[in-house]
Structure formats: C-alpha cells, structure tokens
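Asks: Next come the chains, spelled out residue by residue.
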Amino acid sequence: MLILHCPYCGVRAEETELSPGGEAHLKRFGPGSDDDAFEAYMFARKNPKGVHFERWRHAYGCGKWFLAARCTATLEVFGTYPAQSTEPPAEIIEKIKAKRPEWKGFS
Amino acid sequence: MKRYSVFAIAREALTHHQGWERAWKSPVPKASYDAVIIGAGGHGLATAYYLGKNHGIRNVAIIEKGWLGGGNTGRNTTIIRSNYLQDPSAAIYEKARSLYETLSQELNYNIMFSPRGLLMLAQTHHEVRGYLRTVHANNLQGVVTEWIGPERVKQLVPIINIDGPRYPILGALYQARGGTARHDAVAWGYARACSEMGMDIIQQCEVTGVRSENGQVTGVETTKGYIGTKKLGIVVAGHSGQVADMAGFRLPVESLALQALVSEPIKPCMDVVVMANTVHGYMSQSDKGEMVIGGGTDGFNNYTQRGSFHHIEETLRALVETFPMISRLKMLRQWGGIVDMTGDRSPIISKTPLGNCFINCGWGTGGFKAIPGSGWAMADLMARGEPGPLATEFDMWRFREGRFIDESVAAGVAH
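Protein chains in written order, with UniProt numbering: chain B, 1 to 107; chain E, 1 to 415.
For the record, the hints were derived by calculation from the structure and aren't laboratory data.
There's no promise every hint is true.
With a cut-off of at most 30 Å between alpha-carbon atoms, the simulated DSS-like pairs for lysine-lysine come out as follows [as the list claims (entries may be wrong)]:
(1) E/Lys-53 with E/Lys-351
(2) B/Lys-46 with E/Lys-351
(3) B/Lys-46 with E/Lys-224
(4) E/Lys-351 with B/Lys-27
(5) E/Lys-224 with B/Lys-104
(6) E/Lys-25 with B/Lys-99
(7) E/Lys-224 with B/Lys-49
(8) E/Lys-65 with B/Lys-49
(9) B/Lys-49 with E/Lys-351
(10) B/Lys-46 with E/Lys-65
(11) E/Lys-230 with B/Lys-46
Here the structure is a predicted model, which means the values were calculated and not measured.
Make the full structure from the sequences, and use the hints.
Replies: Below you can see the structure in the form of structure tokens.
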C-alpha cells in the first residue's frame, strides 16, 4: 500500500486518504503559444518508467495539494514536498541520485 | 503443420499422444525482415496474422520481451462486446467481435468464444439516459443491442439483486452477441497460424533501441542482436511510451495498473457477463466455474503489474451489493496488468513521426475484445502505409487537432 507523508499536516497518509493528481511541474501553455507546446502541455505526459514527480491531494485529511517523488517501476517513494515548489527541492534530487545513479535528472 | 481435429485426437490416441507437434517454432532471428512487430501479445500476433493473410507479407518477425501472450493478453477478464457510442469505436470493436465468431474455425484452434450475452447495468437515471442513447446509436451503427427493463435483467441473471437500497437496477444495455473467449487461446491460436505462415516469433528478446536513417526506420537493436526491417509495428500496450521514446517521439499515453481476480470455482450460476459501471465492478463465470471479477484502474502511474489492495475491496463491495450470494466466496487469485490510457480512452492506430514506423496502442482497459479488429486495421496500415477505413480516425494527431473519439465521457466505459 502506498504511504505518503503529507508535508502540510505531517500525517503519514495511506492511499485511501489520498487522491492522485497526475504529473507535477507542468509548464502551462495557453492562447498564443505554438501548437506543439500546447499539445505537449495538454496531452503528452512524460509517463516515465522510473522517477516520477506527481501531484497528490490529502483528500481525506487536511485537503491540501502536495507533490511527491516516486518510482513507477518499484513504487518506492523518495519524498514529498509542498505544492508551491516550481521544481523538486535539492535534497530530494540528491536522494534520488544516490539511489538511482542512472537517472538523467529533472527536466 | 498437422490440423487439429477429432480425427487427429483419435490418431494421436493410438500412439500415446507422442506425435503432437509444437504449436509454434522458436527460431533464431534472421538478419532482416520485411516487417518487424514489437510485442507478441494478442494485438501484435493478430497484426502479423492479417499481414500474412490479407496482404501476403510473410517475411515477418514478432519480437517479445517476455513470453508470448504474457502481458495484458493473459491478464484481462476476457470480455467481448462492441456496444460503444462513437461511430469509429463501434466500427472497429464490432469488426473484432464479428471476427471472433469464426476465429476458432479460421485458426483451427479452439478459442472458446462464447457469445453468452452481456449486460451493462443502469443504476442511476443518468446511466439510463446514457444507455438509451447508446442503444439508439448502436442500432444506427448496425451493432445489435437493446434496452431491457429490470424484470428481464432478473430473468437473465437470477442471482442479481435488482432492488438494492443504494443502487437499484433500473434496466440494462443488453448485447446478446457479446460474451467471452479464452484469452490465452487467442494468442496461441494466432501464434500457431503465424508460425505456420513462416513468420518468426522470437520470445525472450527485448528491444533496446530503434535505428533509423533519413527519417526512415531501418531496424531494431535487441538483446539478441540487431534486426533490420523495412517496416516496424509497435504493439506493446503498457510500455508504448518506452518504445516510442526509443523511436524518438512522445505519445499521449499514461501507464496505469488495472487488476482482476477470480473466486474459487462454483457450480454454474450466471451465464451472462454483467457490468455495473456506477459501482464499478463486473463479473462473469468462467467455464471452470470461477467468478471472474474486474474493476477500475488505480489512479497513479505504475509499471509494476500489481495494483492497490483497496481497489479489490471496493470492487468486491460493489459486487456483493449487486450479487448478495457471492458474499462468502473465497477469492483465489489476483493479478494486475499495465494499461496504456489515452486522454479520450480510445486507441491509437497510427503512422508516427518516424517513417515506416507504425504504432498500435492506447487500448487502455479494454483491449482484449478488440484483438482481431485491431490486428486487421494495423495490418492494413502497415501493408499500405496509409490507414484503412477502420483506423482513419484513430491517428495520434487527433489530440492536437481536437478530433477526440470520446468514450470516457460519453459511454462511462469501465470495460
């Protein structure tokens, strides 16, 4: 069972308390942007087999959105951090690099 | 290859069953082929089969990372139906369903197709309206479905509880020609027919790279060495994104885990397939007597072929409410598969940005029922280089252009 630590209320929340919200750190493109960028923003998720940054909501807890770094190939959780982050925090990146030396890094 | 028949059984019985041949060969890959298909699941093997049968292209290799039919083909709930709302979906799923009807005879391999009838229960007024709309659409599309009331549902499924307190059965969308088939046999039957046509099925051979020159595909790197090809078909379901990445393009697909489970075998009690989309569970009885049960996908990206435990609980809770008599059944086995979901819950059968490289993916939670139709359309696309009538609408650029084939909202499909 997937267990994530909510960075707001501090609860170790298990899956039934949480709602998944898809890939995190999407750069938004709207009117005026070119078709490729808009298509990629709308539909082309990274869908990696390995390190994945994603949004979760502590739905049956404090109700807040937060972000998590997780491995989709092993379900290992590297850490969680506040939704206000525009990119993953340095300590989580370091932790992932230590555990997954072949990982190409956040892009 | 010797044909399977009642006479073959008698003949082999006289020789202590020592004379049965292997159903397919396990060859060493050649240096190059006219067409290479990545993925020896149902869709990949069907593609190869129709390439040979409909288009005469037989110098074909089907490359499989694991074992034949070991992915989603061996992990589904074997349901076959074609009661979709949108025209392109109804066309391809109905093509598949109609091919299933004679597939055993065509392949000389018993796929145990059982058109036992399929019910999609309506348990809210919204669903009633939705299914009435689907019935009308299906009748215009030439797909035979009908709307039936709760009494008829009870008649068809005596073990169902039609007046539950939470979600009473208000009626159902009934496709009498829907049903089930033996999922492994579909892969095995196609594999045997492909092998007989001289195609090479190469198992335990993982693709590690796609080579191209001047924007045209030239071959694939594999764990068994380089294999050249004039045409490449990617038919790998959950790992489509991975292989597309090797070929240099991105797909509007996300990979999620979908689970199924079976109960201990019991005496025959339900001879139709029942799907309850509001409470999210569906059930049929296998020929062995097991109740075959499925539900919804997990909500997060996953490649592990195992799903969340709480989903099993939710699915069973829903089904116990609908079929009270199953409350004391023990569950025997549970498994997960990785499904490739597109934004509009419809598949992709398409050319790609790489020349002579084609992709068939995005079948999501409902690929098994489509295997023959999908293979037919994909073979057509690979042979001619342009999509035929079944595949025209399913190209990968429909997202960019806003031409969705929206089955997620329209039909509320749970498969």
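Asks: If a hint holds in the structure, say so; if it doesn't, say that too.
Replies: Tested hints:
{"no.": "1", "hint": "E/Lys-53 with E/Lys-351", "verdict": "holds, 21 Å"}
{"no.": "2", "hint": "B/Lys-46 with E/Lys-351", "verdict": "holds, 20 Å"}
{"no.": "3", "hint": "B/Lys-46 with E/Lys-224", "verdict": "holds, 28 Å"}
{"no.": "4", "hint": "E/Lys-351 with B/Lys-27", "verdict": "holds, 28 Å"}
{"no.": "5", "hint": "E/Lys-224 with B/Lys-104", "verdict": "holds, 26 Å"}
{"no.": "6", "hint": "E/Lys-25 with B/Lys-99", "verdict": "violated, 42 Å"}
{"no.": "7", "hint": "E/Lys-224 with B/Lys-49", "verdict": "holds, 23 Å"}
{"no.": "8", "hint": "E/Lys-65 with B/Lys-49", "verdict": "holds, 16 Å"}
{"no.": "9", "hint": "B/Lys-49 with E/Lys-351", "verdict": "holds, 24 Å"}
{"no.": "10", "hint": "B/Lys-46 with E/Lys-65", "verdict": "holds, 22 Å"}
{"no.": "11", "hint": "E/Lys-230 with B/Lys-46", "verdict": "holds, 29 Å"}
Comparing the model with each numbered hint stated earlier shows that hint 6 is the single one that does not hold.
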